Amino acid sequence: MKKIISLTINDQAYEIAVESNKTLADMLRYDLDLTGTKKGCDTGDCGACTVILNGDAVNSCLVLAVQTDGAVIETIEGLATDQGLHPIQEAFVEKGAIQCGFCSPGMIMSTKNLLDKNPNPTEQEIRKGISGNLCRCTGYQKIFEAIDSQKP
Amino acid sequence: MLLPKFELHEPVSIEDALELKQSHGTDARLMAGGTDVLVLLKKKVIFTDTIISLLQIKELSQITQTNDTVIIGTCATMAQLSASPVIQEKFSAIKTACQSLGSHLIRNRATIGGNCCNASPAGDTIPALMIYDAKVMIESADNKRELPIKDFFKGPGKTDLTPNEILTGFKLPIPPANSGAHYIQLGKRQSSEINVVNVGSFLEYDPDTKKVLNTRIALGSVAATPIRAEKAENLLKGKPAEESSFYDAGEAARKEDCKPIDDFRGSAAYRQAMIGVLTKRTLQAAFEQAK
Ligand SMILES: Cc1cc2nc3c(=O)[nH]c(=O)nc-3n(C[C@H](O)[C@H](O)[C@H](O)COP(=O)(O)OP(=O)(O)OC[C@H]3O[C@@H](n4cnc5c(N)ncnc54)[C@H](O)[C@@H]3O)c2cc1C
Ligand code: FES
Ligand code: FES
Chain A
1 MKKIISLTIN DQAYEIAVES NKTLADMLRY DLDLTGTKKG CDTGDCGACT
51 VILNGDAVNS CLVLAVQTDG AVIETIEGLA TDQGLHPIQE AFVEKGAIQC
101 GFCSPGMIMS TKNLLDKNPN PTEQEIRKGI SGNLCRCTGY QKIFEAIDSQ
151 KP
Chain B
1 MLLPKFELHE PVSIEDALEL KQSHGTDARL MAGGTDVLVL LKKKVIFTDT
51 IISLLQIKEL SQITQTNDTV IIGTCATMAQ LSASPVIQEK FSAIKTACQS
101 LGSHLIRNRA TIGGNCCNAS PAGDTIPALM IYDAKVMIES ADNKRELPIK
151 DFFKGPGKTD LTPNEILTGF KLPIPPANSG AHYIQLGKRQ SSEINVVNVG
201 SFLEYDPDTK KVLNTRIALG SVAATPIRAE KAENLLKGKP AEESSFYDAG
251 EAARKEDCKP IDDFRGSAAY RQAMIGVLTK RTLQAAFEQA K
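From first to last, the protein sequence lines stand for chains A and B. Position 99, counted from 1, in the first sequence is what the working numbering calls 99; the numbers after and before it change by one each time, with no gaps. Position 216, counted from 1, in the second sequence is what the working numbering calls 216; the numbers after and before it change by one each time, with no gaps.
Quick caveat, the hints were computed from the structure, so don't treat them as lab data. One or more hints might be untrue.
As the list claims (entries may be wrong) - With a straight-line cut-off of 20 angstroms between C-alpha atoms, the simulated DMTMM-like cross-links for lysine to aspartate or glutamate are:
(1) Lys237(B) to Asp263(B)
(2) Lys135(B) to Glu59(B)
(3) Lys58(B) to Glu123(A)
(4) Lys95(B) to Asp56(A)
(5) Lys90(B) to Asp133(B)
(6) Lys151(A) to Glu123(A)
(7) Lys2(A) to Asp133(B)
(8) Lys22(A) to Glu7(B)
(9) Lys44(B) to Glu19(A)
(10) Lys231(B) to Glu251(B)
(11) Lys58(B) to Asp27(B)
(12) Lys95(B) to Glu19(A)
(13) Lys5(B) to Glu125(A)
(14) Lys3(A) to Asp49(B)
(15) Lys58(B) to Glu230(B)
What the hints assert, rightly or not - Partner residues are not named here, just some residues of chain A that face chain B (Cβ under 8 angstroms, in silico):
(16) Leu32
(17) Thr43
(18) Gly47
(19) Ala57
(20) Val58
(21) Asn59
(22) Leu62
(23) Gln124
(24) Glu125
(25) Gly132
As the list claims (entries may be wrong) - Reference listing, derived: stretches of chain B covered by chain A, where coverage requires no fewer than 3 residues with Cβ under 8 angstroms from a Cβ of chain A:
(26) 6-14
(27) 61-72
(28) 130-139
(29) 165-174
Since we're looking at a predicted model, the values are computed, not measured. No residue lacks a Cβ here, since even glycine has one placed at the ideal position from N, Cα and C.
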């Protein structure tokens, strides 16, 4: 049975009917065409599906869409504006922190959540902050440098 | 990976949840953060056509303090617990355990009750709750009971809960002065799920005689459930609070208390050796905190 939920995604209001067994990742990708959010493992291990739910970064593959009724969600699509890419995205491009790019949306959303909560993280805090996001290309060092460059 | 079809109930009170559990019994699966349930459903390890979510029941996620006790609601998340002032000040080993579980993404969803009810021998929060002598609070539609947490686990994935029961929280006595505790987990990847071994220790000492008054040591990943190292505890009580006593307790835990197995995460011999080391280390750190 479908249930109608209303929620805010990237400052835009949505009302949508979803099945109880649909994950937030699948609703974003298949119902709302917000395919920036990726799915790697679908079991919480890789972080490719990271979005910010009510201010906290979560694995959207392990959240039921129906349980986001009333929620405020940020996805990778919400970062760039008419003026161009978000500073974190710029830094990832600049520092070579993106190779194949599959991990990048999740990695960047984890980064955004980290910096929103802690604008001046230590090296340890940065490395811990992205420890739920796997990257099979960059070896993490360039990602670390991109995040580090965002400190005041 | 598709989730099977199920009906989702989201009760807003404990009474409603208990009534639902009563009428559905074993057919219904309780869910808190869902970080175990949803993975197991996707992998078709468990099956259900009814899920009762506990997340809308506000009181279940509260952490409340009275004079001599703290009650942790079953739905308190790892992130919430590690940020809680009373947990940080009085129950630092629980804070450390909560920070050791999964990644920050998982910790924003994973609950302490879910971790216990999942009953993994390696569950991170369990040894930490054990060393503070927590009681589990259990309710069904027509009964309420409390149980020392060391008696809650019956085997891998098995607890003392009956089909109609819900775990509502944990009751913890506030630790006495001159006590301290510490928790260490050893795993392969910090943010992945399973520990090779995990150990928690609590120690209370007498500043006049410099002797150990009381201690609780809990070991994870070395038996079918997390266990208390009772031989080591008994050996240490009354001994001088110093490194050699902690070493002896570690040796007792290694030789007498634990019965680990070989698996792909680590050999029994390695686990056993690490129990000795980590028991000593957690006791030493607990003592530093107690001083
Ligand atoms: C990527 C990943 C990494 C992980 N890393 C770790 C780790 O490092 N250490 C670790 O210990 N675990 C880890 N886990 C496992 C899991 O996240 C934890 O066990 C978590 O605490 C479960 O909490 P939950 O709220 O998500 O439980 P849920 O999945 O909602 O429930 C877990 C079980 O408890 C039952 N249950 C939940 N609440 C109640 C209740 N109140 N009364 C009765 N039954 C109840 C459910 O029916 C289910 O059987 C990891 C999981 C993933 C996906
Ligand atoms: S797709 Fe969600 S964590 Fe991998
Ligand atoms: S850039 Fe390819 S996985 Fe990270």
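How the hints compare with the structure:
no. : hint                   : in the structure
1   : Lys237(B) to Asp263(B) : violated (33 angstroms)
2   : Lys135(B) to Glu59(B)  : holds (18 angstroms)
3   : Lys58(B) to Glu123(A)  : violated (36 angstroms)
4   : Lys95(B) to Asp56(A)   : holds (19 angstroms)
5   : Lys90(B) to Asp133(B)  : holds (13 angstroms)
6   : Lys151(A) to Glu123(A) : holds (11 angstroms)
7   : Lys2(A) to Asp133(B)   : violated (44 angstroms)
8   : Lys22(A) to Glu7(B)    : holds (12 angstroms)
9   : Lys44(B) to Glu19(A)   : holds (19 angstroms)
10  : Lys231(B) to Glu251(B) : holds (10 angstroms)
11  : Lys58(B) to Asp27(B)   : violated (25 angstroms)
12  : Lys95(B) to Glu19(A)   : violated (36 angstroms)
13  : Lys5(B) to Glu125(A)   : violated (40 angstroms)
14  : Lys3(A) to Asp49(B)    : holds (17 angstroms)
15  : Lys58(B) to Glu230(B)  : violated (37 angstroms)
16  : Leu32                  : violated (18 angstroms)
17  : Thr43                  : holds (5 angstroms)
18  : Gly47                  : holds (6 angstroms)
19  : Ala57                  : holds (6 angstroms)
20  : Val58                  : holds (5 angstroms)
21  : Asn59                  : holds (5 angstroms)
22  : Leu62                  : holds (5 angstroms)
23  : Gln124                 : violated (11 angstroms)
24  : Glu125                 : violated (10 angstroms)
25  : Gly132                 : holds (3 angstroms)
26  : 6-14                   : holds (count 4)
27  : 61-72                  : violated (count 0)
28  : 130-139                : violated (count 0)
29  : 165-174                : violated (count 0)
Going down the numbered hints, you'll see the structure goes against 1, 3, 7, 11, 12, 13, 15, 16, 23, 24, 27, 28 and 29, while the others check out.
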